[in-house]
Every structure is written in C-alpha cells, then in structure tokens.
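Protein chains in written order, with our numbering: chain B, 1 to 482; chain G, 483 to 577.
The hints are simulated quantities; they were obtained by calculation from the structure and are not laboratory data. Hints should not be assumed to be uniformly reliable.
Stated by the list, open to error - Simulated DEER-style distance windows between Cβ atoms:
id, chain 1, residue 1, chain 2, residue 2, range
1, G, Val-575, B, Ile-235, 57 to 65 Å
2, G, Gln-522, B, Ala-28, 50 to 58 Å
3, B, Leu-250, G, Thr-512, 38 to 46 Å
Cβ atoms here follow ideal geometry from the backbone N, Cα and C, with glycine treated the same way.
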Amino acid sequence: MTWETVIGLEIHVQLATKTKIFSGASTAFGAEPNTQACAVDLGLPGVLPVVNEEAINKAIMFGLGIDAEINKVNVFERKNYFYPDLPKGYQTTQLEKPIVGAGNVEITLKDGSTKTVRIHHAHLEEDAGKSLHEDYHGMSGIDLNRAGTPLIEIVTEPDMRNAEEAVAFAKKLHSIVTTLGICDGDMSQGSMRFDVNVSVRLKGQEELGTRTETKNLNSFKFMEAAILKEVERQIDLIEDDGKVIQETRLYNGDTGEARSMRSKEEANDYRYFPCPDLLPVVIEDSRLERLRSQLPEMPDAKKARFVSDFDLSEVDAEILSGDQATAAFFEAAAKTSGDAKLASNWVLGEVSKSLNASNIEIAESPVSADMLAGLIARIKDNTISGKIAKQVFEALWNGEGKDADEVIEKKGLKQVTDTGAIEAMIDEVLTANAQQVENYRAAPPEKRGKMIGFFVGQAMKASKGKANPGMVNQILKKKLDS
Amino acid sequence: MAIDASEIQKVAHLARLSIDDSQVENTANTISRILELVDQMQTVNTDNVEPMAHPLDATQRLREDVVSEENNREQLQSCAPAVEDGLFLVPKVIE
C-alpha cells in the first residue's frame, strides 16, 4: 500500500511590538516574573482593553506581504476556557472576522521545484502566560509577563504532502515575517511556534484521514522529526488494523519522544462570542495605503533580482535572499567588491562555515561586508591567491587586523613577483638540496621534467605559498639547466 | 428551545459555576424561558440587516505603542493567596 501524508500548519507569530496587544505593559523578553503584567493583563475586575495600533499595523503588513485579503472590519471574540496562565478565563482572539483573509505562499524545494501553499486566514490574538511546573511545595508557579503579548495565528490549508514541504514552508514564513520586521524570528525564545496537523490516506483517495495535532514545535529540526515520527506511527497503526484518533500530541525535541496530550472527544467547548469590551476594528484605506508603501522588498522579489542582476543560480539566490541580514551582507559585499560571484561564494562558503562554527548570527560577524569586499578586491587584482585569501579571512575573523590590506602587509602575504627575491630563495633551496641537484643534472633531459617538481615544491614552501609559481618554474629551469 | 438538566450541568461545569443539584431543574426552566424569548426574536425577518458585533455603532479606538505601565508587582500580588519568587502559586497543573 502506498500512503500519502497530508499536512496543515498553524503558526503562532509573536509580533515585535513594545507593548501588549490590550495594555501598555512592556513585552521585553527576560524580565523578572510578573514585573510586566499589569492589571489588564491579570484580568482584574473593572479593567478595559485598549487595542495597540502597532499590533494592527503589523498584522496588516503580514497580509499585504503575502498578497492576502485584508478584512477592513474585523472583530475580537472571547474563547472561553480555564487555565491558570489565562487569568481572565478567556483568550481574546478572532474567529468569524479575522484581520487577514486568504492568501498564498510559494515555497522552493530542494530539487528546485516550486509549490504554492494556500493560507486560509491569519487572526490576531493575545498570548497566555507561562506555567512553571517545578515543585513549589506541590504547587505550580505562574508568570504572566507573556500574557497579552500580541500574536498572529496563521492557518494554512492542508496543502503540504511531506515533512520537507512543511519545513520549506516554515522557513519561508520565517523569512517573510523577519523581512517584514513584524517578528524578531527568534524561535528559541518562542517568537514562532508551530502546530502541525498530520493525517495519512491511501494514495489516490479523496477523503482525508483522521488528523492529529502536534503542538508548540519551536525549531525546524524538531518539526521535521515530529512529522516523520507521527506519519510512521499513523501508518503502523492503520496497517495493524488500528485507528487514528483525533487528538492533541506533544513532541519532546530533546528526547525525541511523542505522547498524547488530550483527545478531542473530551475537547473543550470554547463558547466563542464577540468581546463586548472591544468594538469592531475598522481599517481605513489610508492606513492600508500607507502600510503598503512601507513594505520592504519581499524574499521572492529579492531572489528574482539576485538571479537577474547578479547572475546567481536559483539555489544560491534562494539561500541568500531567505534571510534579511544575509541578503544585505551579500549585496553590500557584491557591490563594494564589484564581483557578485566571488561575494556569493564567500558568503555561502567561508562566512557561513565560520558563523556556524562560532554559533553566531551574520549581524555579529567579526568580518564585515566591507572587509570581505576588500579581501575579494585583493584576490581580483592578484595581490593574493585564493588559497592565501583563506588565511587572510581567518586572520580577519580572529581580529588580527582592521582590513585585508593590513593583514596582508603585517603577515607579509603579498604574492612575491620580485625576480631578485625569488632568485635568492631558489639559491637557498638549491644549496640545501645539493644531492638532488646533482641527481637532476645527471639525469637524461626527458626525466628532468618530472624531477623539477621537487624543487618547485621546496621553493613554494620556502616562500610560504607567496611566490608567483610561474616565475619560480622559469627561474629554476634556468638555474638547473645552466 | 428548551434546555435540559444535563446541559445545565455541562454549561455550569464549563463556566466553573457551582449549581446545587436541587437548583438544576429550576435553572433549566428559567434559562429555557429566556431561550423561548430568543426563539421569538428569531422569527423577525432580518434579511436586510447587517449582523452586529457590538450594540454600539462605533469603531475601536487604537492606542499608540508606548509603554505606560510600570512594574507594580508588589501591589498587584498583595491580594494573591500564595506567591513565591515573584510567581503566583496555584494548585499543581498537570497536563
């Protein structure tokens, strides 16, 4: 039997506002517990919410960024349930009239093919607080700093067919929201959290299988692993004459274990209704137009421009345009050095490798785009070879100079083209290897070609790779054959 | 539309309201009468009426994104039954 996987995602994106969605309390990360939870966030009696304009703007920006419909009249509703990290007893969210309607996101897969994932809608809502389950005398601790942080929840259609597509979509969405500047994209701090709906069906079958939802995945790696594991579990279950039950599941990225959290049969009845404390939000055309005029270049457009302006391959352009900071770094290095191909190779090569090894972001790179451009310029004008350039890069990375020229000067890495200097070096090599010189001169001419390689090697080594190899060859021949 | 005792108990549980067993029947009758009024309203023709999300014909005012609240933890936690390390303590939550 051939099985087909069907995946839909719900993504919570934390909007990068200074204050909460309904109160003027700060949203800064890492504050002491409950120091950023005001009376509104705590749901104390008599408080009233006031909507944060910036949360509305950022939600609209997302809609415009994926070319979705914007609902000009959108309504907040109450989703009623009891949990200690939700002190009001309801989450203020949107249901019937979400701010962002249907849209599309295009993804590129590893084989270069593209696919469109439909967005069903995206709505605004508030985040809940955090429960700490360490033992407080048999009780749980509640930190409400996060309560009221603005989120958009993005809901896709079940358009993805395997883990690779789901991860490609997640990465694309990350790229879109960070390019728009509506989210800091820091997944380790929970700025983007993915809920994955997975079901399987026989290939060719129209009807969808029963789905499960794995909640709160906060890395691409965990998401991929959780999907693969869940697909395998469902197929095994059905092939053993079992049945998938609709349920919420948890995946522990550290242990790789998944378990059932609660089944939908005992699911909550949330009794949504329009929030009487909030009036409908009306978005004027002037606001839409102003925000549209502020839209940055989106990743798809940037990629197309990199291919056409810089003649990059689709795959290289996709990676370079995916992250705002990487794209800016590449573009600056390409423009300043005047060689986009070399800039692309270096950013995707040495720069990425060094960033990964040091586990830092490109914004913190000790080698700036300008420094890289300076290095590329020295490769282009033959001051140094590509091999020496790697040494210079490493020195720059380790802070051994302010630019390539200083490192080249200080370490004496400039390619040697001075005949006198090369002759002197060769004389030393010949003196130190008198026996080999004798052997060479005794050998018949047809064997000498091979034997000269030894002397070239010694001379290059003596020059630490800096001598011009063509000149070394020429001078050696002259001296040995005379 | 009538509502029966079991539904009253379910809704009460969802709203975390405690309704004494002896009161369930009476509550069901009262709420059924309210729902009858709703049924009566449902018979009005509303074909050309735009549904309202709020009784006031007004739109939401928006607030500038500026921090206006200071840390007021001590005072806000003064009415909490149990607090430790700045956290509110609640009966253990197990998922």
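Do the hints match the structure? See the list:
Separated by about 34 Å at the C-beta atoms, Val-575 of chain G and Ile-235 of chain B break the suggested range of 57 to 65 Å. Our hint of 50 to 58 Å for Gln-522 of chain G and Ala-28 of chain B holds, since their Cβ atoms are close to 53 Å apart. The beta-carbon spacing between Leu-250 of chain B and Thr-512 of chain G, approximately 42 Å, falls within the hinted interval of 38 to 46 Å.
Going down the numbered hints, you'll see the structure goes against just number 1.
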